[in-house]
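Listed here are the chains, written in short residue letters.
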Amino acid sequence: MASSNIYVGLEIGTSKVCIVVGEVRNDGAIKILGVGQHPSAGVRKGEIVDSDTVQTCLHDALSRAEERSSVEVNTVFLAVTGSHVKSLNNRGTIRVADEQMEITTEDLEEVKKIARDVPIPKENGYIHSIIQHYFVDGQDKVLNPLGMLGQKLEADYHIIHGVKTRIQNTIRCVRDVPLEVEDIVFSPVAAAQVVLNREAKNEGALLIDVGGGTTDYICFVDGAVVASGCVAIGGDHITNDIALVLKIPLARAEKLKVTHGSASLKNFEPGEIAIEGESGKTVEQELLNQIMNARATELLSVVAEPLEKDGLLPRLGKGVFLTGGSSLMKGLDEVASEIFGIPVQQSGSASMSGPSALFENPQYATPVGLIRYAQLLDEQRPKRGALSKLGQRFEKIFGGGK
Amino acid sequence: MIEFDQADSGEIPAEASAGVKVIGVGGAGANVLDRMALEGSDDARLLTLNTDVRALTTSVSSDKIQLGATLLKGMGTGGDPSLGRQAALEAVDEIREAVRGNGMLFLCVGLGGGTGSGAAPEVCRIAREEGVFLVVFATMPFSFEGERRMDQAKEALDTISRYANAVITFDNDRMGELIVPKDGVAQAFAAADKIISQSIRATMNVVFRPGIIRIGMDDLLAALDANDSRCLFGYGIAKGDNRSLEAIEQALKCPLLDRGKLLNEAKSVLVQVAGGDSMTLYEVQLVMEEITKHVGSETQILFGTGTDQRLSNSLSVTVISSIPGPDAAKRQEPETTTAEDSQPVSIGGPGLAASSGAASIGVESAPVSPLAQSIEAAEEDEIPPSLSGEVDAVSEPEQEDESEEPVNPVDEDADESVIFEPLDEEEKPAYSPDTIPVVPVLPEQQTETGEAESDEDLRNPIARAMESANEEHDESDLSGPVASDSDSSGSSGPVPTEASGVEAVTDSSQKITLSRMVSSGNTGKIKTRTPDEGESSGPVLPPTTPPAMPKDDAEPSDEARQQQEMLQLEPAAGKGRFAKTDPTIVDGEDLDVPTFLRKK
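For the record, the sequence lines run as chains D and B.
First residue of the first sequence? That's 40 in the numbering used here, and the numbers climb one at a time after it.
First residue of the second sequence? That's 24 in the numbering used here, and the numbers climb one at a time after it.
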């Protein structure tokens, strides 16, 4: 392998298709070489509903990305999301062989296999299984049990799964471009790689990626993923709400939202706003805010509910990180801190070099995160080249018949 | 071969060996037997029956009977089952002699050919007459062998399953999938034979191995419950430290189990864990935990464990179960009750059964006198009483008679799937006694599903729309013919599908429900409509009829509500651009509708 690797992250979002080309240097630093994006069409709630249209957008974004980065893109890491993506935590247990005592890599593989073996719906497939921590003979929070002595090895895994066919549809769409999909990544998992630093993950943090069609979240406690998920509500819903309540076209509603809207009910100057293009029609700032506030409150409550039920919120020392395009909405952080009762900050990705101004924008958290994810993947499995990965994939596909 | 001799003379516990014989009929059966002999069949004596004398001489089993010595002069049957049957009849005394006195018979046969399909049913009949507990392992031909052979095989299987206490079928087509394609033919067939011989061996072990928690014949029958079922079988044996998990892993890896996935569908699963003295409770527990991961929550787990010196420091796991075969899925419902009836009485607790021995159970299930036996056989297999006397005398016309009997329900089901067709009134009453007891169950389930639906109503408007669309169709159709009869028959069929429907509603998330309900749209419709028609029986209910009875009231209003909600879809359009997307439902609220409007 060359001294530096080039990875490409692709996110087919509800509002935009975004391709980020990044170079990972051998010292671990990431340099963004180029970005191509295109407003997307044919995507609803994070899932492709019109493959042809999406391909057009994809081609466009791709050619821009290739042009700017001077890299020919062949394989991509693909971010997936959608309300079908679910997650759960499961513990696997194995008994380490008597004579052996020392825990080996095989044991870890085995325990992973067992932990993964949870009843998920037949039509679902695994997207990620992320190790949380190991237990060795009841001693908890062991991070690396390899070589430890023990009789009983347990592992808690966070398992993210989704409906296979839906994911495959997305993959197929990308393959038709043609681009090879090297791996699929659940969007917030990718975003977390760049938005949350190690400290945040260890102290506990909730990342909420409010996108166009979906809101994805991932929750870290003690450095491990404890919850993740996707709510199929995003910025589009807010635009839609405004359009429906005020009975104006979507495009104007969008503009109204971006320029004047706020999710906060507190800090605004009351007054009338003239709606562009609608002669003489005005809207009360208060009404607009109420519409947006209602939606934002509900959305964040939906996210907060399961976390609260599991008692996770008090354990989030670093609080909530809002990211994603719709997190730019005014007043959202206010609503969030009301609902979660913990500090909230808006955040894009950090610590990259390149045309950086772009990447501090929370809109790019996920695609840039994909690069970082790819890098981590590579570090974890240094010996595995792209070829053998491909081989493995084939094995996965064809091995099922055995 | 040497091992085989040893087995013949050897140190077999008298109790077990007295009863067991494995019979292979035809070429395929002989192959399996050879495989068993080569691997050292410890417990049973082997008997090969064949027409082809050359094949017979190469067989390594201890006893051999040549079929049709005069008829065929030592040649094969050339694929003609009638020749095979005659050949078997020619040797009927020898066969009877060989069969007599055994507590248990395993018969393995490859169906489709002449000897197998022709002779095996005869052997089964004889075994049945002799009151021997009979388990048949039948291999169905490859589909590329042609329809004719498949038909022959099916016909033979039909007959066999009437005589045998349990039939386990292996599909050669499936065997093909199990084996790496580039393996040589010989290897492939050897692997198939191995699977079968392993199954036989394991079944024997399961039943005869002395156990702490014993598995008896009754458990085995329960696990192989459904007639015409596809047998799921897994066997794993492992040594070493992680042996319990390795063994179960191996067992689940067995091709017939499909990585344990198929166990999900099974009604009951028999699991036996056996090991040497060193086996620990923890290991048993591990195995069982692993198993429970693979079976549904409804599934009955028949569990047995025992120690076996011969296993020394290895541990073996045997998993036996069955799921309805593709054909059986439909007719399973009417038959399961009878299958349960016909099962031998299970004796006391498993602990008690331990000492009494399996052979006795076998005998119990099969009364001694051949005549009584045949009647018993007839009853068990639902042969109309009028025919039961003739079992011995005339077997062929009867076969034809009966072969219709199981086929019928299938046809009926086929009718039902085409629900819009007016049903034939002449035939149905015959089934009404069957169906009536089923009906009372329905309203309950109905209300359940009704409730579930009302929850679900908001969730998937599309499915609902489909459903109510169906209903509309149906109404227009039903308003023509009088519906009372079609109801009762309609209720008999959909019961199994209904169950799956309920499951789909309850255990899956919204999206999945949607697809399933759409796919089972027809049956779903039947179940929602059946009760109210069943109750009002005669007159066709126009939805507008002013409801007098409280019950009647409930149903139409339910329907009306559904329709109303469907209508609402349009005006509730408050969804704007999300109108045509998958709804996002949280706590019963459609989040695509502006929060602002909902909260007001």
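I should point out that these hints are in silico values taken from the structure, not numbers from a laboratory.
Do not take every clue at face value.
Claimed, not checked - Cβ-Cβ distance ranges computed for the label pairs, FRET-style: (1) T321/D x E612/B: 49 to 57 Å; (2) S102/D x Q273/B: 46 to 54 Å; (3) L185/D x G299/B: 25 to 33 Å; (4) Q190/D x K262/B: 12 to 20 Å.
Claimed, not checked - DSS-like, lysine-lysine: derived pairs with alpha carbons at most 27 Å apart: (5) K180/D x K316/B; (6) K262/B x K191/D; (7) K369/D x K177/B; (8) K191/D x K290/B; (9) K151/D x K276/B; (10) K161/D x K276/B; (11) K622/B x K305/D; (12) K316/B x K152/D; (13) K55/D x K305/D; (14) K125/D x K316/B; (15) K152/D x K622/B; (16) K290/B x K316/B; (17) K151/D x K70/D; (18) K276/B x K191/D; (19) K622/B x K294/D; (20) K316/B x K161/D.
Unchecked claim - Partial list, derived from the structure: chain B residues whose beta carbon lies under 10 Å from chain D: (21) M98; (22) N265; (23) S267; (24) D300; (25) L304; (26) Y305; (27) M311; (28) K316; (29) H317; (30) G599; (31) P606; (32) E612; (33) D615; (34) F619.
Just so it is clear, the structure is predicted and the values come from calculations on it, not from any experiment.
Even for Gly, the Cβ is constructed at its ideal location relative to N, Cα and C.
Do the hints match the structure? See the list:
no. : hint                        : result
1   : T321/D x E612/B: 49 to 57 Å : violated (31 Å)
2   : S102/D x Q273/B: 46 to 54 Å : holds (52 Å)
3   : L185/D x G299/B: 25 to 33 Å : holds (32 Å)
4   : Q190/D x K262/B: 12 to 20 Å : holds (19 Å)
5   : K180/D x K316/B             : holds (25 Å)
6   : K262/B x K191/D             : holds (19 Å)
7   : K369/D x K177/B             : violated (72 Å)
8   : K191/D x K290/B             : violated (33 Å)
9   : K151/D x K276/B             : holds (18 Å)
10  : K161/D x K276/B             : holds (18 Å)
11  : K622/B x K305/D             : holds (19 Å)
12  : K316/B x K152/D             : holds (13 Å)
13  : K55/D x K305/D              : violated (31 Å)
14  : K125/D x K316/B             : holds (19 Å)
15  : K152/D x K622/B             : violated (46 Å)
16  : K290/B x K316/B             : holds (15 Å)
17  : K151/D x K70/D              : violated (33 Å)
18  : K276/B x K191/D             : holds (24 Å)
19  : K622/B x K294/D             : holds (24 Å)
20  : K316/B x K161/D             : holds (14 Å)
21  : M98                         : violated (39 Å)
22  : N265                        : holds (5 Å)
23  : S267                        : holds (8 Å)
24  : D300                        : violated (16 Å)
25  : L304                        : violated (12 Å)
26  : Y305                        : holds (7 Å)
27  : M311                        : violated (13 Å)
28  : K316                        : holds (6 Å)
29  : H317                        : holds (8 Å)
30  : G599                        : holds (4 Å)
31  : P606                        : holds (9 Å)
32  : E612                        : holds (9 Å)
33  : D615                        : holds (7 Å)
34  : F619                        : holds (4 Å)
Violated hints, listed in ascending order, are 1, 7, 8, 13, 15, 17, 21, 24, 25, 27; each of the other numbered hints is respected by the structure.
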